[in-house]
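> Heads up: the protein sequence lines correspond to chains P and D, in order.
So the first sequence is numbered by the working numbering: it starts at 2 and just counts up by one.
So the second sequence is numbered by the working numbering: it starts at 67 and just counts up by one.
Simulated from the structure, these hints should not be mistaken for lab results.
All residues carry an ideal CB built from backbone N, CA and C; glycine is no exception.
Some hints could be false.
[As the list claims (entries may be wrong)] Label-pair ranges, simulated between beta-carbon atoms:
#, chain 1, residue 1, chain 2, residue 2, range
1, P, GLU103, D, GLY121, 33 to 41 Å
2, D, PRO83, P, ASN9, 21 to 29 Å
3, P, GLY102, D, SER183, 26 to 34 Å
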Amino acid sequence: MHHWKEINVDGIFSYKDNLKIAHAIRAGNTVYISGQVALDPDGNVVGEGDVEAQGDYIWGNIKKVLEAAGASMDDVVKGFQFVVGQENFAGMSRARRKVLGEDPLRCMTAIVVSGLVKPELLLEVDVVAEIGE
Amino acid sequence: MTTTQTGKKHWTSYTVPGIWSFPEHQKISHAIRVGNTIHISGQTARGVNGEAEGGSDVEAQGLAIWRHIEAILTHVGASMDDIVKVFQFVVGQENFAGMSRARRAALGEVKPRAVTSIVVAGLARPDLLLEVDVIAILPD
Numbered sequence: 002m003h004h005w006k007e008i009n010v011d012g013i014f015s016y017k018d019n020l021k022i023a024h025a026i027r028a029g030n031t032v033y034i035s036g037q038v039a040l041d042p043d044g045n046v047v048g049e050g051d052v053e054a055q056g057d058y059i060w061g062n063i064k065k066v067l068e069a070a071g072a073s074m075d076d077v078v079k080g081f082q083f084v085v086g087q088e089n090f091a092g093m094s095r096a097r098r099k100v101l102g103e104d105p106l107r108c109m110t111a112i113v114v115s116g117l118v119k120p121e122l123l124l125e126v127d128v129v130a131e132i133g134e
Numbered sequence: 067m068t069t070t071q072t073g074k075k076h077w078t079s080y081t082v083p084g085i086w087s088f089p090e091h092q093k094i095s096h097a098i099r100v101g102n103t104i105h106i107s108g109q110t111a112r113g114v115n116g117e118a119e120g121g122s123d124v125e126a127q128g129l130a131i132w133r134h135i136e137a138i139l140t141h142v143g144a145s146m147d148d149i150v151k152v153f154q155f156v157v158g159q160e161n162f163a164g165m166s167r168a169r170r171a172a173l174g175e176v177k178p179r180a181v182t183s184i185v186v187a188g189l190a191r192p193d194l195l196l197e198v199d200v201i202a203i204l205p206d
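Chain P on its own, in the form it takes in the complex:
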């Protein structure tokens, strides 16, 4: 028995079978997730060419992963956003604000990258959540 727990969620694209990557790990009250991209469960790109649509899909999956780990969007303390193309920064932020657009403010680190796992993917988002006692 590990002192941390692997979280995997049905209905979300998973690397589990071939790459041994979990959707999330919960260690104590801290939840780390794997970077989420806009791939449907079959590996098809969602929202091709539209970073905001990809962001909406990604944040929807993050919510599901956090809930499966016993957390919620309220518990997100830190986010990392990796976006392809500086022109996609604004759309990336719009998608985030739909789910984290209220107080309290969260920590966020965002960078432009040269690419992600598939060329059609424009955004990858990763969060850390802290669950209350």
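Got chain P; can you put chain D on it based on the hints?
For chain D alone, kept in the frame of chain P given last:
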């Protein structure tokens, strides 16, 4: 001027005066403290007026960034000594050395930290050459 917001109940979000911060509607804080752990938002050389401090010199930008990080950590009751992990995102491989010089100037040569550094395609604005993010752990 200082906004300190309590999170759900178990964490606290901080906005630190005197450091550039995202527009209010972005809802991004400078730091969050949860227990003894401090997370920050990635810091760039943007001064309070929004322009990059240090111009096009990555080391100068880096020194500005580390000043911002020190101000944030001080504000939440931590210090540079409490930094356990550093993420550095630099634009242009030629800027790696200058980035590292700034880090060593800020954190010293003596106590090693866990550091991850990557070259990225860009940051929030084209004049920004470096973004630095840290995790700090306070003593019990």
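> None of the hints should be skipped; say for each whether it holds.
For each hint, the structure was consulted:
{"no.": "1", "hint": "GLU103/P with GLY121/D: 33 to 41 Å", "in the structure": "37 Å, holds"}
{"no.": "2", "hint": "PRO83/D with ASN9/P: 21 to 29 Å", "in the structure": "43 Å, violated"}
{"no.": "3", "hint": "GLY102/P with SER183/D: 26 to 34 Å", "in the structure": "31 Å, holds"}
The structure fails to meet hint 2 from the earlier list, while all remaining hints are met.
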